[in-house]
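Novice: So the chains spell out like this:
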Amino acid sequence: MTTEAAIRVQGIEKSFKDLHVLRGVDFDVKAGSIFALLGSNGAGKTTLVRILSTLLKADAGTATVHGIDVAAQPGEVRESISLTGQFAAVDEVLSGRENLVLIAKLRHLKNPGAIADELLARFSLTEAGGRKASTYSGGMRRRLDIAMSLIGSPPIIFLDEPTTGLDPQARIEVWQTVKELANNGTTVLLTTQHLDEAEQLADRIAILHKGTIIQNGTLAELKRLLPAAKVEYVEKQPSLEDVFLTLVGDTGETETTDGDRIDGAVPAGKEPR
Amino acid sequence: MTTHVLGDTGVLTSRSLRHILRSPDTIITTAVTPIALMLLFVYVLGGAINTGSDESYINYMLPGILLITIASGVAYTAYRLFLDLQGGIFERFQSMPIARSSVLWAHVLTSLVANLVSVAIVIGVALIMGFRTGASVGAWLAVAGILILFTLALTWLAVIAGLSAKTVDGASAFSYPLIFLPFISSAFVPTDSMPAPVAWFAENQPVTSIVNSMRALFAGEPVGSDIWVALAWLVGILVVAYAFAIAIYRRKIS
Chain D
1 MTTEAAIRVQ
11 GIEKSFKDLH
21 VLRGVDFDVK
31 AGSIFALLGS
41 NGAGKTTLVR
51 ILSTLLKADA
61 GTATVHGIDV
71 AAQPGEVRES
81 ISLTGQFAAV
91 DEVLSGRENL
101 VLIAKLRHLK
111 NPGAIADELL
121 ARFSLTEAGG
131 RKASTYSGGM
141 RRRLDIAMSL
151 IGSPPIIFLD
161 EPTTGLDPQA
171 RIEVWQTVKE
181 LANNGTTVLL
191 TTQHLDEAEQ
201 LADRIAILHK
211 GTIIQNGTLA
221 ELKRLLPAAK
231 VEYVEKQPSL
241 EDVFLTLVGD
251 TGETETTDGD
261 RIDGAVPAGK
271 EPR
Chain Z
1 MTTHVLGDTG
11 VLTSRSLRHI
21 LRSPDTIITT
31 AVTPIALMLL
41 FVYVLGGAIN
51 TGSDESYINY
61 MLPGILLITI
71 ASGVAYTAYR
81 LFLDLQGGIF
91 ERFQSMPIAR
101 SSVLWAHVLT
111 SLVANLVSVA
121 IVIGVALIMG
131 FRTGASVGAW
141 LAVAGILILF
151 TLALTWLAVI
161 AGLSAKTVDG
171 ASAFSYPLIF
181 LPFISSAFVP
191 TDSMPAPVAW
201 FAENQPVTSI
211 VNSMRALFAG
221 EPVGSDIWVA
231 LAWLVGILVV
241 AYAFAIAIYR
251 RKIS
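Order-wise, the sequence lines are chains D and Z.
Heads up: the first sequence at position 169 corresponds to 169 in the numbering used here, and the numbers run straight through without jumps.
Heads up: the second sequence at position 76 corresponds to 76 in the numbering used here, and the numbers run straight through without jumps.
In isolation and in its complexed conformation, chain Z is listed as follows (with noise of 0.2 angstroms):
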């Protein structure tokens, strides 16, 4: 049967994707409150923020917007497993003879591409707002890498609760803190001008290392230990958050 994990993936993987593209609202709601909060922090706010750099603003805060599109796009993966639990879909799929795994993969895919959409138009927005970056092409792989770690490692995340959840809207709900998560780091102020125990907070979680190394891949600055950082962060809540989700399904099947 594991020769056809991938033609099933496969499959499944053009299902939902064809879920998304009847519904495209998805993809945009989920880049219009990163899209606001960019014009709110840049036009309002920001005006008052010092960064203690002399970059524009919407340089500083942009990499801090996008994990919040991708935190607030991964909800819809817990909603739409959520769905196929519900309808009886999922089962008619669990008693054919495809390979299991597929179901799940196939769902974790689909948050991949459109994710990376979502996150595409708010830097081409960010763009039109006056970000620029000098950074070189390697930089930008390694930016488009740290956020598909970050996508991967959010979306297994979120079919933990697609699949343990009584509601849909307890399935979207745990993607809330996920999307506050950025305020209590550098993502939008300097941490240093917080109140030490919230400051301790912000440096120690895991945005602020992820934040700290794209600014500095998008400013063309060396990116120090916080890529160590982020990576180790990315790659353990991702190991964790997949193998809990396997065993959550396994349950779930057998």
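Next up, chain D with everything else stripped away, as it sits in the complex (with noise of 0.2 angstroms):
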């Protein structure tokens, strides 16, 4: 499987009544790779991702996920992928715990509650494991649906949109989790509106717009696109981010408090007053 591409994306086209949203859309993932799908609002990256996660089915074209084609056997492309959608897909009413254990019943896994708590740890949710889901922060919550998409070790996993909404700390986090799985062998296909978090994450960087890749190739290569860099001499300002960070001094390590981080984002004693 690693020679070939884990995602083959071709000619796909799909069409909602007039709207033409994917117009030919063309791409590999190798194994193992991290892959982003960039584009801005409407660009029709999420109808792909339904594609490709069997969620809905293409006007043209052909795609296989893990080398098996998604129109012709989505059963077994959803044996082999996991599906981190735009909205954090929790069940509110159960806890942290029962989400995953809930996950992990239905992949069939033996010991559910064993691979729970170790995605709790993993994941520093021990403590809010035992709470409902929908008492946890925007971050956790997003934590807690990774966590849920990583049950049963699938090969691939989409990440739609996966740090709309979160603050700095939570978004490095995320970042954190992705860099991981990549390492560790999982292919991820993750599709983003910030530029930052392609040029931060992905192997491989593909330009959606108006329904076609228009472009696709590794960070430096695009950087190529444009005239050669010319030195030039600029003041260095530190962004807001960098000082919201350092104020708050975290670096995205995982901390084993949440509730504080969140209440209390900015110490009381680092303001003058």
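Check before you lean on any hint, since a few could be wrong.
Label pairs and their calculated CB-CB ranges [what the hints assert, rightly or not]: (1) I28(Z) x G249(D): 44 to 52 angstroms; (2) G124(Z) x S153(D): 43 to 51 angstroms; (3) I28(Z) x T62(D): 50 to 58 angstroms; (4) L19(D) x L127(Z): 53 to 61 angstroms; (5) E235(D) x T167(Z): 48 to 56 angstroms; (6) Q176(D) x G10(Z): 33 to 41 angstroms; (7) H209(D) x V235(Z): 51 to 59 angstroms.
It is worth saying that the hints were derived from the structure and are not from the lab.
Each residue gets a CB set at the ideal place from its N, CA and C atoms; glycine is no exception.
Assembly of the complex is requested from the two constituent chains, each provided in isolation within its own frame, with the hints serving as guidance.
Specialist: Following this line, the structure appears as structure tokens:
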């Protein structure tokens, strides 16, 4: 499987009534790599992810995931994928732990409880594990969401705008998770509209614009498309994100107490009063 | 994958049953309105209603009240299904290797359990208010069978509503006409007291035959042809609603 592309998309088209969302999309994703699909709102990123995760049928073209045709054998494709959609797909009434146990049972795994505890620990949710997911902050909910997607260790994971609506620290946490996944050999296809996110994470970046891929390459290759860099002297101004992260004193290392971090994002002691 | 249908349905049913256990108000709300109606009809209006029989009024109207209980209870099924669709958990389930029909069956079985609990509460209150029956075990089983069929038929209607609704309010609005239907039937007053066109409608709509069957079963009387008309209606609605729900579901997931 390593020699073959983990995801192969050829000539995929999809229309909704008169709206031609995808007009022939082609790309390959190498096994074990992080592939970012970059595009503005309405570019068709989510539509493509829904096709690849067997939620939607394409009008034309073929797509294979893990070597299996998504249209012909959707059931088999579902065995090897996991989808983390744009909205955190957690059951708010259940606790974090119960959510994980639910998914482990639906994947027919042994020891669902042990799997849940292991993931809670890995995503620093052990303390919050017994609480209803509806009490979680946005970042915790997203971590739980991603943890649910990892159950059963699917070789391919789709992340549709995984950091939308997250605060900077939570975003960095998600980024670290994604990097760890790829280090362990999981193929990750993520969509994003944040350019820095693609820059941070992706081995390859494809730009989806008006229904087709207009560029596809590594970050270095994409940068080479523009005229060579010239040397200019610019005063280095810290970005607001640098300021914020410095003040908060968090570089994204997962913390033990989530509540504190969310409620007291800026420690009172650092404020000049 | 068919081997997992039962297991997956079981796991998902215990999930939505847990939803009900954590918000038992859904069962209480379901039972409160029929109980209030029962109090109103028995202690306020009932004295002026001539049912043409020497049975106590609560014995006369309980079958209709039970149908109203179920008709208002299934609205929660549409509501819960709609929330699953909205929240993204539905898509997660659809992208997983689980038996696809189990997602709907879990909601249907949950509805069955929740509604039977509500019905049991209402019957308990009715007993306190003086409802008495000499029904045999067989007759009780027959009543239970009718109520289960009625719940299943209405729940599949609720599934249609939940799958096709655009808003939360829309998801449960379908149940209002169903709750109202028993009032234009033999559930509270004999149909021959109504003007001719209304009486014709009342006598030919499903609730009347279902109510008459249950009333006869509770009274230990022969059910006559009503039971067959009732069963035909129940099975008919169940089959049609199920077929529509599955067709809408298929269109939604492919």
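Novice: Of the hints stated earlier, which fail here?
Specialist: When the structure is compared with the hints, none of them turns out to be violated.
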